[in-house]
Amino acid sequence: MVTVTFVHKSRAPSPNTPRPQDTPEGSTAVSTFKHSSEQRVTLDISKSKDSQRETKAATKLQAWWRGALVCRTLLHAALRACVIQRWWRQVLARMLHRKRRVVLMNYAIRERAAVKLQSLVRMWRVHWRYCQVLSAIYIIRCHWHHHDCQTCALLRGHCVVTATHLQFHIEITSP
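Converting from the sequence shown to the working numbering requires adding 2 to each position, the first position being numbered 1.
For the record, the hints were derived by calculation from the structure and aren't laboratory data. Predicted model, so just to flag it, every value in this text is computed and none were measured. Just so you know, not all the hints are guaranteed correct.
As the list claims (entries may be wrong) - Restraint ranges, calculated between C-beta atoms of paired labels, are given here:
#	residue 1	residue 2	range
1	63	101	54 to 62 angstroms
2	162	112	30 to 38 angstroms
3	111	169	35 to 43 angstroms
4	60	82	28 to 36 angstroms
5	76	97	25 to 33 angstroms
6	107	80	36 to 44 angstroms
Here a beta-carbon is modelled for each residue, glycine too, at the ideal position from N, C-alpha and C.
Input sequences plus hints: build the corresponding full structure.
This is the structure we're talking about:
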């Protein structure tokens with residue numbers, strides 16, 4: 003049985019206040035503390051085997067409860083960490099998606115520019131070849147008109163356009 007009697011005033015104990023001495027198990031001790039503010043504390047401690055068992059059981063129960071609280075606190079902290087990690091992974095995924103999209107857009111723009119440039123070069127080469135063939139046709143025609151022949155001959159032309167070449171077939175026919 004533990005009996006505690008407090009006579010309390012609002013001052014803290016002085017450093018010269020005597021402390022109760024530890025008592026062996028099963029003994030009874032009555033201690034009185036005297037403070038400078040006339041505060042009196044009387045403790046009557048009587049320990050028996052039953053009270054020791056109760057104390058041990060209470061200590062074990064308190065330890066279990068503290069362990070359960072710590073476990074629950076750690077579980078909540080782990081869940082919060084998982085939520086934060088999931089959010090951060092989503093942010094990183096969005097950033098990666100944006101980067102990939104920008105890279106893809108830049109690639110498409112460069113590819114489109116290259117295709118446009120290639121088509122312009124091809125068009126220029128075909129036009130240049132066409133101008134060469136047309137010039138050759140004019141030269142042949144001019145020479146043919148100045149050529150005196152007993153029969154009149156006709157020029158017939160046929161044009162074939164492919165992706166890389168422009169071909170003209172000229173036939174000189176006589177009537």
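Against the structure, the hints come out as follows:
A beta carbon spacing of about 57 angstroms between residue 63 and residue 101 agrees with the range 54 to 62 angstroms that was offered as a hint. At about 34 angstroms, the CB distance of residue 162 to residue 112 agrees with the hint of 30 to 38 angstroms. For the hinted restraint 35 to 43 angstroms between residue 111 and residue 169, the CB-CB distance of approximately 36 angstroms keeps it satisfied. Between residue 60 and residue 82 the C-beta distance comes to about 33 angstroms, which sits within the given range of 28 to 36 angstroms.
Checked against the hint of 25 to 33 angstroms, the C-beta distance between residue 76 and residue 97 comes to roughly 31 angstroms, which is consistent with it. Between residue 107 and residue 80 the CB atoms are about 40 angstroms apart, so this pair conforms to the stated range of 36 to 44 angstroms.
Violation of the numbered hints given earlier is absent; every hint is satisfied by the structure.
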